[in-house]
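All chains, please: the whole structure from these sequences, using the hints.
2 protein chains.
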Amino acid sequence: MKPKRVEVLIIGDELLDGRVADTNTLRLAEALSEFNIQVTQRTTILDDTPTIVKEAKSINARGTDLCIVSGGLGPTSDDLTALAFANLGNVQLERDTETAQKIKERLIEHKRPVTENQLKQADRPVSSQILKNSVGTAPGFSFRYQDCLFMAFPGVPKEFDFMIEEHILKPLRQEALPSLKKKSFRSFGLFEAQVDDLLSGLPNKFPSIRLGYRAHFPEIIITLKASPQDEQTLEEASEFVREQLGPSLFSEEEGPFAKGLIESLINSKETLSIAESCTGGFIGHLITEVPGSSQAFNLGVTTYSNESKIKLLGVKEETLSKHGAVSEATVIEMAEGIRKLSQATYGLSVSGIAGPDGGTPDKPVGTIFIALSKEDKTETKKLSLLFGREKNKILSAFSALDLLRRRHHYPRGNS
Amino acid sequence: MKPKRVEVLIIGDELLDGRVADTNTLRLAEALSEFNIQVTQRTTILDDTPTIVKEAKSINARGTDLCIVSGGLGPTSDDLTALAFANLGNVQLERDTETAQKIKERLIEHKRPVTENQLKQADRPVSSQILKNSVGTAPGFSFRYQDCLFMAFPGVPKEFDFMIEEHILKPLRQEALPSLKKKSFRSFGLFEAQVDDLLSGLPNKFPSIRLGYRAHFPEIIITLKASPQDEQTLEEASEFVREQLGPSLFSEEEGPFAKGLIESLINSKETLSIAESCTGGFIGHLITEVPGSSQAFNLGVTTYSNESKIKLLGVKEETLSKHGAVSEATVIEMAEGIRKLSQATYGLSVSGIAGPDGGTPDKPVGTIFIALSKEDKTETKKLSLLFGREKNKILSAFSALDLLRRRHHYPRGNS
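Chains as they are written, first to last, in the numbering used here: chain A, 1 to 415; chain B, 1 to 415.
If you are wondering where the hints come from, they were derived from the structure by calculation, not from laboratory data.
Among the clues, some could well be false.
Same chains, same names: a pair is fine if it fits in one copy or spans any two.
To be verified - Simulated crosslink set (DMTMM-like; lysine to aspartate or glutamate; CA at most 25 Å straight-line): (1) Lys311 with Glu375; (2) Lys158 with Glu390; (3) Lys158 with Glu14; (4) Lys158 with Asp357; (5) Lys340 with Glu317; (6) Lys391 with Glu289; (7) Lys158 with Asp17; (8) Lys170 with Glu116; (9) Lys170 with Glu98; (10) Lys182 with Glu243; (11) Lys205 with Glu14.
Written out as structure tokens, the structure is:
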């Protein structure tokens, strides 16, 4: 049955002392949103029995009918969730013999001592139901207190995700609840404010659609959500997003940034080689994030020194001395050099000043040149970035691949 | 004055629908822990005035004397924090004229319309104090309700961090509170369970020291904390950690993984070149994360194809056909080839099967070979990894650099 009010209770000192950020709520909320179920509140507390009891009472008193509890089910002395819910219901703890047996077998198999602390993970409040955990030692349990059903899961993300899937999403799916329809769009090359401007007409045009943005550096991700009966409107709103964002939209799927580009190169039986400098290998990394990229990726070099630019890529000494390693003239020769060396269809090159040092009045930190060479022509692009070394490297690498993507994978587009 | 009980109240739908994870609490808690101040509870709620009022009352009723509020101070209609606290205190909202003037000037400067929604960011509950925000538009405010001081900050991480620093940490520092002493140690090459085993004697030996671990893939970070009077014990416990972890400990500072290695190469005037395959450029990326790495990094190549291994690195066709591209024999020739090509002190190479495809019964996915070549000898290492493509790539790259680190930067060590 679809719950009316859902809360999350996160238990653990490590969530409140700066060691760990709770990401379980994020994934739970994302998963529940598919069923149009909203998490109303999240409470994060220390490992302390009276505090857990008190908060559980407050959660019930607020009219919550389902509360997902994360953490406090492990083997150590600060794992107090089972004890706290026994106290809440004024019942005893009892040891689940089947679970205890499994824990024993597992420990013996791994040649580790069978300790009372380990077996404690089989203790559950009387009247609770054990919830199976196939990916870890400690099972969860569900426990009803007055009007609220508490479902306690281990806090380890991998185990928590298994428990959500197994004990919440599967049963919801079996009820064939009308699930929320959703579309995601990934853009590169626009600031969030620009995306916002381009899509400012959407809420008025499609009032039944929920529009959201999320920055996932260096991408901006746009999401549209709609009730099942608004599926047609969702499709129209999606078309509106595609028209407004044009070539800045690079994917409507999850996966590596370079996926569409690499697949498109493989389809057209073309190949790519790269000559990096300030990006240090990061472009190659982005390419090889794509499984099967070897079919399109010939060769990557990172020529950090002038010497290697000359020797390996055939950049002219004169070009380097006249224009410098960070210049349009140099990236052109790098891109042509790597293309010829590797006999690839495309040669892509980057040279720039990532920082924090190395800037000059003419070429401040963040000055980046990109060149893309094909047999018939070589084109270039200059960036002036304002981030630190790490983001400058990442953004330069994405921008270089994006130049080729816009030309190849999305030839209608322009930059 | 040092607060006795600190809570955090996080306001915003986006924190409860799967869009955004709250990381503000993490950084606040980390910062406060330096002063031995613990965050006791965090409550995350939706943008809704009655809910904010109700929760603020509960927070006060629990004996909290300081509550940091994050979010709900922006220009949109769902930014309700100021209104909610006015309701809580049963006072009016008033517009801070100085703040309103600044907002106007800022909008005019950026050629954007001066709207009522924008000006609303200058509205604060009567009797509250404006808290300056130098990095964003909306200032914060502090508001006393009965025994609790609420400090409301913008939720944007950059602005939230400024507010913490300016309005919480600076005043705490001026009181010269005894701050907690802390040491961090970064290890590579051990599982968390192994670190746990090696340090299992620490709590008994040094009962006044708080020991914690954190996995930051692929590193395990160990922290020790002590009260100011236990500084001497902290030093002894640190020595214990160093002895127990030995060469697996690669740094006691923040910064790129390769920092110590690169600095050590620069000091000894030695250089490194790399020949990558399955890591796709990620080793080069790790090296060039270090500012100034160009002094030690000659050349990186990513030879994804057999052809480029032969042509560029001089790997023998016979070696490839007899042993395959993923083999000890091939990585040896790659490492020697890149060392000679670039005339570097060290040649480092990796070849392996990152997955998801390409595995064979002999060489399953996750089989990785590493070679490190110096003029007088070449040594190799084989890994059998069990992750997916992404983590296999990352772990292979770290492992390759770690092999050189243990030989060069930490010559006492062994792997």
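Now for the hints, and whether the structure bears them out:
1. Lys311 with Glu375: Answer is both; intra-copy 21 Å and inter-copy 22 Å each pass.
2. Lys158 with Glu390: Between. Shortest inter-copy distance 17 Å satisfies the 25 Å Cα cut-off; intra-copy 29 Å does not.
3. Lys158 with Glu14: both (17 Å within a copy, 23 Å between copies)
4. Lys158 with Asp357: between (41 Å within a copy, 24 Å between copies)
5. Lys340 with Glu317: Both ways: Lys340 and Glu317 sit 18 Å apart in one copy and 22 Å across, limit 25 Å.
6. Lys391 with Glu289: both (19 Å within a copy, 10 Å between copies)
7. Lys158 with Asp17: Answer is both: 22 Å inside a copy and 20 Å across each meet the 25 Å cutoff.
8. Lys170 with Glu116: neither (34 Å within a copy, 47 Å between copies)
9. Lys170 with Glu98: within (24 Å within a copy, 55 Å between copies)
10. Lys182 with Glu243: For Lys182 and Glu243, the Cα distance is within 25 Å only inside one copy (18 Å; across copies 54 Å).
11. Lys205 with Glu14: between (46 Å within a copy, 23 Å between copies)
Comparing the model with each earlier hint shows a violation of hint 8 alone; every other hint is respected.
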